[in-house]
Amino acid sequence: MAVTGRNILKGWFKRLLKPTEAQFAAWIDSFWHKTEDLIPIDNIEDLSRILGDKIDRQEIENITSQLALERKIPLSLFNGAPFEMFIGEELALYNIISNNVKTLTINGQNVALDSDINFIVPAKTILTFLIETTLTDSAGYLYVLGRAKAK
1 MAVTGRNILK
11 GWFKRLLKPT
21 EAQFAAWIDS
31 FWHKTEDLIP
41 IDNIEDLSRI
51 LGDKIDRQEI
61 ENITSQLALE
71 RKIPLSLFNG
81 APFEMFIGEE
91 LALYNIISNN
101 VKTLTINGQN
111 VALDSDINFI
121 VPAKTILTFL
131 IETTLTDSAG
141 YLYVLGRAKA
151 K
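Heads up: the sequence shown begins at 1 in the working numbering, then just goes up one per residue.
Among these hints, one or two may not hold up.
Stated by the list, open to error - Here are the simulated DSBU-like cross-link-like pairs (lysine-lysine), alpha carbons at most 35 Å apart as the crow flies:
(1) 34 - 54
(2) 54 - 18
(3) 34 - 18
To be verified - Ranges between beta-carbon positions, derived for each pair:
(4) 19 - 44: 51 to 61 Å
(5) 52 - 100: 19 to 29 Å
(6) 147 - 113: 28 to 38 Å
(7) 7 - 51: 27 to 37 Å
(8) 24 - 45: 50 to 60 Å
Everything labelled a hint here was simulated from the structure, so no lab data went into it.
Yeah, the Cβ is synthetic: ideal placement off N, Cα and C, and Gly gets one too.
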(Lines of atoms letter the chains of each structure in order from A and count residues from 1; the text may use other names and numbers.)
(Lines give C-alpha, C1' and ligand atoms only; values in the text may rest on other atoms or scores of the structure.)
Protein backbone atom coordinates (compact mmCIF):
# COMPACT_ATOMS: atom_id res chain seq x y z
CA MET A 1 0.00 0.00 0.00
CA ALA A 2 1.54 3.28 -1.08
CA VAL A 3 1.46 6.17 1.35
CA THR A 4 1.07 9.71 0.08
CA GLY A 5 2.19 12.58 2.31
CA ARG A 6 -0.40 14.85 3.91
CA ASN A 7 0.73 18.02 2.16
CA ILE A 8 0.37 16.33 -1.25
CA LEU A 9 -3.07 15.01 -0.31
CA LYS A 10 -4.16 18.45 0.89
CA GLY A 11 -3.03 19.94 -2.41
CA TRP A 12 -5.34 17.59 -4.35
CA PHE A 13 -8.39 18.56 -2.30
CA LYS A 14 -8.28 22.35 -2.41
CA ARG A 15 -11.27 24.49 -3.26
CA LEU A 16 -12.51 24.22 -6.86
CA LEU A 17 -10.18 21.29 -7.66
CA LYS A 18 -11.55 17.97 -8.86
CA PRO A 19 -9.46 15.11 -7.46
CA THR A 20 -9.12 12.11 -9.75
CA GLU A 21 -10.11 8.56 -8.92
CA ALA A 22 -6.44 7.69 -8.40
CA GLN A 23 -6.03 10.63 -6.00
CA PHE A 24 -9.04 9.47 -3.94
CA ALA A 25 -7.57 5.96 -3.87
CA ALA A 26 -4.18 7.33 -2.77
CA TRP A 27 -5.89 9.33 -0.03
CA ILE A 28 -7.81 6.25 1.26
CA ASP A 29 -4.71 4.02 1.04
CA SER A 30 -2.61 6.51 3.02
CA PHE A 31 -4.51 5.95 6.31
CA TRP A 32 -5.29 2.98 8.57
CA HIS A 33 -8.79 1.56 8.18
CA LYS A 34 -10.29 0.69 11.57
CA THR A 35 -11.86 -2.60 10.51
CA GLU A 36 -9.61 -3.77 7.66
CA ASP A 37 -6.05 -2.89 8.67
CA LEU A 38 -3.92 -4.13 11.54
CA ILE A 39 -1.46 -1.52 12.73
CA PRO A 40 2.01 -3.08 12.96
CA ILE A 41 3.31 -2.98 16.51
CA ASP A 42 6.50 -1.25 15.31
CA ASN A 43 4.36 1.70 14.12
CA ILE A 44 3.04 2.53 17.59
CA GLU A 45 5.03 5.47 18.87
CA ASP A 46 6.95 4.89 22.14
CA LEU A 47 5.37 1.47 22.66
CA SER A 48 8.64 -0.16 23.71
CA ARG A 49 9.30 2.59 26.25
CA ILE A 50 5.74 2.45 27.59
CA LEU A 51 5.78 -1.34 27.93
CA GLY A 52 9.26 -1.20 29.42
CA ASP A 53 7.82 0.78 32.35
CA LYS A 54 5.23 -1.91 33.11
CA ILE A 55 5.60 -4.69 35.64
CA ASP A 56 5.64 -8.21 34.24
CA ARG A 57 3.29 -11.04 35.23
CA GLN A 58 5.88 -12.89 37.35
CA GLU A 59 6.62 -9.77 39.39
CA ILE A 60 2.89 -9.29 40.02
CA GLU A 61 2.54 -12.90 41.17
CA ASN A 62 5.58 -12.52 43.47
CA ILE A 63 4.17 -9.38 45.06
CA THR A 64 0.59 -10.60 45.45
CA SER A 65 1.70 -13.90 46.98
CA GLN A 66 3.23 -11.91 49.84
CA LEU A 67 0.32 -9.53 50.44
CA ALA A 68 -1.52 -9.88 53.71
CA LEU A 69 -5.23 -10.66 53.60
CA GLU A 70 -6.81 -8.93 56.57
CA ARG A 71 -10.35 -9.17 57.85
CA LYS A 72 -12.09 -7.23 60.59
CA ILE A 73 -15.03 -9.05 62.12
CA PRO A 74 -17.59 -6.91 63.99
CA LEU A 75 -18.26 -8.66 67.28
CA SER A 76 -21.68 -7.20 68.00
CA LEU A 77 -23.18 -9.35 65.25
CA PHE A 78 -21.57 -12.67 66.11
CA ASN A 79 -21.32 -13.03 69.88
CA GLY A 80 -22.04 -16.71 70.57
CA ALA A 81 -23.32 -17.39 67.03
CA PRO A 82 -21.17 -19.06 64.36
CA PHE A 83 -19.81 -16.80 61.63
CA GLU A 84 -18.71 -18.34 58.34
CA MET A 85 -16.17 -16.96 55.85
CA PHE A 86 -15.22 -18.56 52.52
CA ILE A 87 -11.47 -18.63 51.80
CA GLY A 88 -10.70 -19.15 48.10
CA GLU A 89 -6.96 -19.81 48.26
CA GLU A 90 -4.65 -21.47 50.74
CA LEU A 91 -4.04 -19.08 53.58
CA ALA A 92 -1.75 -18.96 56.60
CA LEU A 93 -3.36 -17.12 59.52
CA TYR A 94 -0.53 -15.54 61.47
CA ASN A 95 -2.04 -13.24 64.08
CA ILE A 96 -5.22 -12.45 65.97
CA ILE A 97 -5.69 -8.98 67.42
CA SER A 98 -8.71 -8.44 69.64
CA ASN A 99 -10.38 -6.22 72.16
CA ASN A 100 -13.07 -7.46 74.55
CA VAL A 101 -12.96 -10.99 73.16
CA LYS A 102 -13.10 -13.80 75.70
CA THR A 103 -12.57 -16.81 73.41
CA LEU A 104 -12.18 -17.54 69.71
CA THR A 105 -12.71 -20.88 68.02
CA ILE A 106 -11.91 -21.44 64.34
CA ASN A 107 -13.24 -24.67 62.81
CA GLY A 108 -13.59 -26.17 66.28
CA GLN A 109 -10.06 -25.26 67.45
CA ASN A 110 -9.45 -22.76 70.24
CA VAL A 111 -7.15 -19.99 69.01
CA ALA A 112 -4.84 -17.88 71.17
CA LEU A 113 -5.86 -14.22 71.24
CA ASP A 114 -3.51 -11.26 70.76
CA SER A 115 -0.55 -13.38 69.78
CA ASP A 116 1.16 -14.92 66.79
CA ILE A 117 -0.40 -18.12 65.53
CA ASN A 118 0.23 -20.61 62.75
CA PHE A 119 -3.12 -21.75 61.41
CA ILE A 120 -3.09 -23.11 57.84
CA VAL A 121 -6.35 -22.83 55.91
CA PRO A 122 -6.67 -25.03 52.81
CA ALA A 123 -7.93 -23.50 49.56
CA LYS A 124 -11.68 -23.38 48.96
CA THR A 125 -12.55 -23.72 52.63
CA ILE A 126 -15.35 -22.31 54.71
CA LEU A 127 -13.97 -21.16 58.06
CA THR A 128 -16.38 -21.17 60.97
CA PHE A 129 -15.63 -18.64 63.69
CA LEU A 130 -17.22 -18.85 67.12
CA ILE A 131 -16.58 -15.69 69.08
CA GLU A 132 -17.42 -15.12 72.73
CA THR A 133 -17.11 -11.51 73.80
CA THR A 134 -16.76 -10.02 77.26
CA LEU A 135 -19.27 -7.26 76.39
CA THR A 136 -22.87 -6.87 75.39
CA ASP A 137 -22.19 -3.82 73.21
CA SER A 138 -20.14 -3.30 70.04
CA ALA A 139 -17.00 -1.82 71.63
CA GLY A 140 -14.91 -4.90 70.83
CA TYR A 141 -13.07 -5.89 67.70
CA LEU A 142 -11.30 -8.85 66.20
CA TYR A 143 -8.68 -8.76 63.45
CA VAL A 144 -7.77 -12.02 61.76
CA LEU A 145 -4.51 -11.56 59.87
CA GLY A 146 -3.42 -13.98 57.20
CA ARG A 147 -1.22 -14.30 54.12
CA ALA A 148 -1.87 -16.17 50.92
CA LYS A 149 0.52 -19.07 50.65
CA ALA A 150 3.34 -18.52 48.12
CA LYS A 151 2.94 -20.52 44.94
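Tested hints:
Proximity of residue 34 to residue 54 is assessed by CA-CA distance (about 27 Å); at most 35 Å being required, the pair is judged to hold. The straight-line distance between the Cα atoms of residue 54 and residue 18 is roughly 49 Å, outside the 35 Å bound, and the hint therefore fails. Simply put, residue 34 and residue 18 have alpha-carbon atoms about 27 Å apart, close enough for the 35 Å limit, and the pair holds. For the pair residue 19 and residue 44, the supplied restraint of 51 to 61 Å is violated, since their beta-carbon distance comes to about 30 Å.
Separation of residue 52 from residue 100 is about 52 Å and departs from the stated range, judged on CB atoms against 19 to 29 Å. In this structure, residue 147 and residue 113 break the distance hint of 28 to 38 Å, their C-beta atoms being roughly 19 Å apart. Between residue 7 and residue 51 the Cβ separation comes to about 33 Å, which falls inside the hinted range of 27 to 37 Å. For residue 24 and residue 45, the Cβ-Cβ distance of about 28 Å falls outside the hinted range of 50 to 60 Å, so the restraint is violated.
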